[in-house]
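J.: As a plain string of letters, each chain reads:
Number of protein chains: 4
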Amino acid sequence: MSQKLRVGVLGARGKVGREVCRAVEGAPDTELVAQVDAGDDIEELVRAGVEAVVDFTHPDVVMDNLRFCIEHGIHAVVGTTGFDDDRLEQLRGWLGDEPRAGVLIAPNFSIGAILMMHFAARAAPFFESAEIVELHHPDKADAPSGTARRTAALIAAARRDAGMGTMPDATSTVLDGARGADVDGVRVHGLRIRGLVAHQEVVLGGVGETLTIRHDSLDRASFTPGVLTGLRAITDHPGLTVGLENFLDLG
Amino acid sequence: MSQKLRVGVLGARGKVGREVCRAVEGAPDTELVAQVDAGDDIEELVRAGVEAVVDFTHPDVVMDNLRFCIEHGIHAVVGTTGFDDDRLEQLRGWLGDEPRAGVLIAPNFSIGAILMMHFAARAAPFFESAEIVELHHPDKADAPSGTARRTAALIAAARRDAGMGTMPDATSTVLDGARGADVDGVRVHGLRIRGLVAHQEVVLGGVGETLTIRHDSLDRASFTPGVLTGLRAITDHPGLTVGLENFLDLG
Amino acid sequence: MSQKLRVGVLGARGKVGREVCRAVEGAPDTELVAQVDAGDDIEELVRAGVEAVVDFTHPDVVMDNLRFCIEHGIHAVVGTTGFDDDRLEQLRGWLGDEPRAGVLIAPNFSIGAILMMHFAARAAPFFESAEIVELHHPDKADAPSGTARRTAALIAAARRDAGMGTMPDATSTVLDGARGADVDGVRVHGLRIRGLVAHQEVVLGGVGETLTIRHDSLDRASFTPGVLTGLRAITDHPGLTVGLENFLDLG
Amino acid sequence: MSQKLRVGVLGARGKVGREVCRAVEGAPDTELVAQVDAGDDIEELVRAGVEAVVDFTHPDVVMDNLRFCIEHGIHAVVGTTGFDDDRLEQLRGWLGDEPRAGVLIAPNFSIGAILMMHFAARAAPFFESAEIVELHHPDKADAPSGTARRTAALIAAARRDAGMGTMPDATSTVLDGARGADVDGVRVHGLRIRGLVAHQEVVLGGVGETLTIRHDSLDRASFTPGVLTGLRAITDHPGLTVGLENFLDLG
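Chains as they are written, first to last, in UniProt numbering: chain A, 1 to 251; chain B, 1 to 251; chain C, 1 to 251; chain D, 1 to 251.
Take these hints with a grain of salt, some might be off.
To be verified - Heads up, simulated DSS-like pairs for lysine-lysine below, C-alpha to C-alpha not over 30 Å straight-line: (1) B:K15 - C:K15; (2) A:K15 - D:K140; (3) B:K4 - B:K140; (4) D:K15 - A:K140; (5) D:K15 - A:K15.
Unchecked claim - Label-pair ranges, simulated between beta-carbon atoms: (6) C:D85 - A:D161: 34 to 40 Å; (7) A:D64 - C:G146: 56 to 62 Å; (8) D:S172 - B:G49: 41 to 47 Å; (9) D:A48 - A:D64: 28 to 34 Å; (10) D:R150 - C:G243: 52 to 58 Å.
Unchecked claim - Among chain A residues calculated to face chain B with C-beta under 8 Å, some are: (11) V61; (12) M63; (13) P144; (14) I193; (15) G208; (16) T235.
The hints are simulated quantities; they were obtained by calculation from the structure and are not laboratory data.
Since the model is a prediction, treat every value here as computed from it, not as a measurement.
The beta carbon of each residue, even a glycine, is placed where N, CA and C say it ideally should be.
For reference, chain A alone in the conformation it holds in the complex:
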């Protein structure tokens, strides 16, 4: 095996950051050489010879972090939220036309969730009906989940591209809410159940058959394989990439 990738973690003492540190230390091809959190000096990344950082920090500080990394040619795998079009444009400007560093902005590092969304969109044109059931713990603030909304949007786009019309639904007597939320023409149902973590099921159906694609996230650590996948790919992908799916060979 070639030399290990020298990784720094920003937000290293947060709940997620600590999981990232453990994963980077545990993997055979990465090495944890810097842990930085609020109050620490970010120059530590340079002193430690960091090649790539993982950033799970806060929307308030992530742009400063990324400017520093880009200026110093350090690659970045970013799970921090809050990236709108303006921020992405800003990043492209900093990276320039011949970027040395690669920056991956990913709203979701769960490979299972990404595959679920990808397969649901691929399958959508082959089935008359498609609905989404998402199930989470009852302390979640929003319904439906962001993943469910994104899945619905992907299914709706795939159906539009295939020239499909609205889904069959003869419901004439309905109790308010019984048919779920309408996201871009796709029905989404959210359950909140004590004991659950984060789960989603996409049910597609045609004549005489159904196809169900289900993702179960049972532990917070489920995002770490995706972070490692991002780290392994980022050194070969200078410039801005949005979405981990671009680093998975999904055909």
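Given chain A, work out where chains B, C and D should sit, using these hints.
T.: Frame of chain A, contents of chains B, C and D only:
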């Protein structure tokens, strides 16, 4: 084996009636001796020596059918809909204080669906959360299904009896309909998917665990074992019985 | 819409053939112009101006049918079983270097089943573990099902291509059969349950998450959309094609 | 609310014991007044005025612990394994004819698992077919799981009591292991998948319908509600009780 029960079918040429005829003919302990439908003479039941009828006809004619059966001491297993309190009271009046005949009025003959509802209600007091997902073909007119509403009512009653409060739900940002319909404090979600028949899942959850009870009806014939169970029990149960669950040993 | 495709059905009076006839008649872009079964004259296909046939007949007669079709430039969509390498080679010989007719040989016309297999193979390299559960009615003669065996082979090949080793399994005390059948290193479990039709679930798992892909075939008619897809594509695909997946845009 | 139950935990510094301590502290009607582990003086239970203990220790020490508790009139809720008939007989002897203390020995404190087993046995007489699928993390040593074996035994007993014969199964061509392990005539299938914790599904089927009862344990803490249920009931149940199901009102 003792003599076979002599069975007549009312509504024998309807879709459901034909399935009943097949089941009565196929069972080892029942014999199909009369098939009656609109336009036929109901006296045929007497001429054929019918001991018990199965009635899947129409709300407009079922009361006349039942008065005839009760007057002639013929037991009746009834799947026809439309029985309200007035009709049940009328039946009790006809049966009198010392009924010769037994009459079973059942809104649901699927043993699987009955067990699902029974188990859901039994389990409800042990779990903080309980929600219902029902899934049907897209030609169904009402949402949620009648079975889902009944299940929700049973769960709600079981929780009240156990002194339980409302279920935990921190949802603060919600898209209209995303949390389903509220039936007696129990959330119910209805999916309409081509290829499906009739399915329901009850998800219960507590600290670190969930219990899921799912019923799948894959074929219309699924009600016939319940009809046969009704026929076998009705001869020993003179008077009015509402609900097949009374003939199942559910403890 | 352009002119309808003129379709003939071979094995038209069999259980499957009758479903095919219904589907071809029902579709907006196909027309049923010939129905041929044992004892009928196959020349009828020519007299009726058939452009493409669907063949659900028998291994004993299918090769004669196909020679006739190829000689007369009639396309063929074939669900009959029993095609080994010798037979496929024979077909290639008849079709020649500049085939006029297209012949599709497909062991499975269920689009849902094909997608399940395709997605399972695509997902396999991303997860440490993958096992298969297939569930069928109890009158089925073989266990595991052909679809389950094919799925296992596809998963095994995808893992080999990705350089993955054996799956983690610390089982040291095992009751005979408890870990299922070993198909190419993939564990396959077969359930036989009254009431079921044909169902399969592929469970893939990695750190903290699982992805489950399930196909439910609830009605024999589930193969007809695949047959229609085959008919629509075959006129543009002269020569031999093995597997309907080649006509689906799976990326 | 009446006074809180004074609870001591034996094995308090073990992984499970720490969860028990947290649960006892967190519940509104119990109070953690003593924590004892290897090396500590068990007399501490008396000094602290413990009314009931929870024992998750080791087969080597649990009998000494229980003799001490019984002699001092302290109730005990026991999750330690290794209780055979001899040990249970010994406990009955120590408790005597007029026991002051109650002792609950429970192999399983998951209320969800207990309900799954109970419902499966209740439902078994109504369905021709019943099979079990258990799914666990791949570090588990035994297959099938103890819970799956117990569930199979309960289903088999319920079928025998109902006079049912063997399940329908026409399998004639089988790959070794494909039909699972045979536990008392019930087929049991064990999956080992990274990312899973402990899960079990019982699938029952009859004409045209299936009933599926599934238990998912997603977190080790899932046993704590059962321990609290045991503590609340034990003070009213002097003498020996085997199985938490005796304290659940299961009808």
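J.: Hint by hint, say whether it matches the structure.
T.: Tested hints:
1. B:K15 - C:K15: At roughly 21 Å apart (the allowed maximum being 30 Å), K15 (chain C) and K15 (chain B) satisfy the hint.
2. A:K15 - D:K140: Holds: K15 (chain A) and K140 (chain D) sit about 28 Å apart, inside 30 Å.
3. B:K4 - B:K140: 38 Å, violated
4. D:K15 - A:K140: Holds: K15 (chain D) and K140 (chain A) sit about 28 Å apart, inside 30 Å.
5. D:K15 - A:K15: 21 Å, holds
6. C:D85 - A:D161: 34 to 40 Å: 38 Å, holds
7. A:D64 - C:G146: 56 to 62 Å: About 59 Å separates the Cβ atoms of D64 (chain A) and G146 (chain C), which means 56 to 62 Å holds.
8. D:S172 - B:G49: 41 to 47 Å: With Cβ atoms ~45 Å apart, the hint holds.
9. D:A48 - A:D64: 28 to 34 Å: Hint violated: Cβ distance 55 Å, outside 28 to 34 Å.
10. D:R150 - C:G243: 52 to 58 Å: 45 Å, violated
11. V61: 25 Å, violated
12. M63: 25 Å, violated
13. P144: 5 Å, holds
14. I193: Holds: closest Cβ of chain B sits about 4 Å from I193 (chain A), inside 8 Å.
15. G208: Constraint on G208 (chain A) satisfied, holds at 6 Å.
16. T235: With a closest approach of 38 Å, the T235 (chain A) hint is violated.
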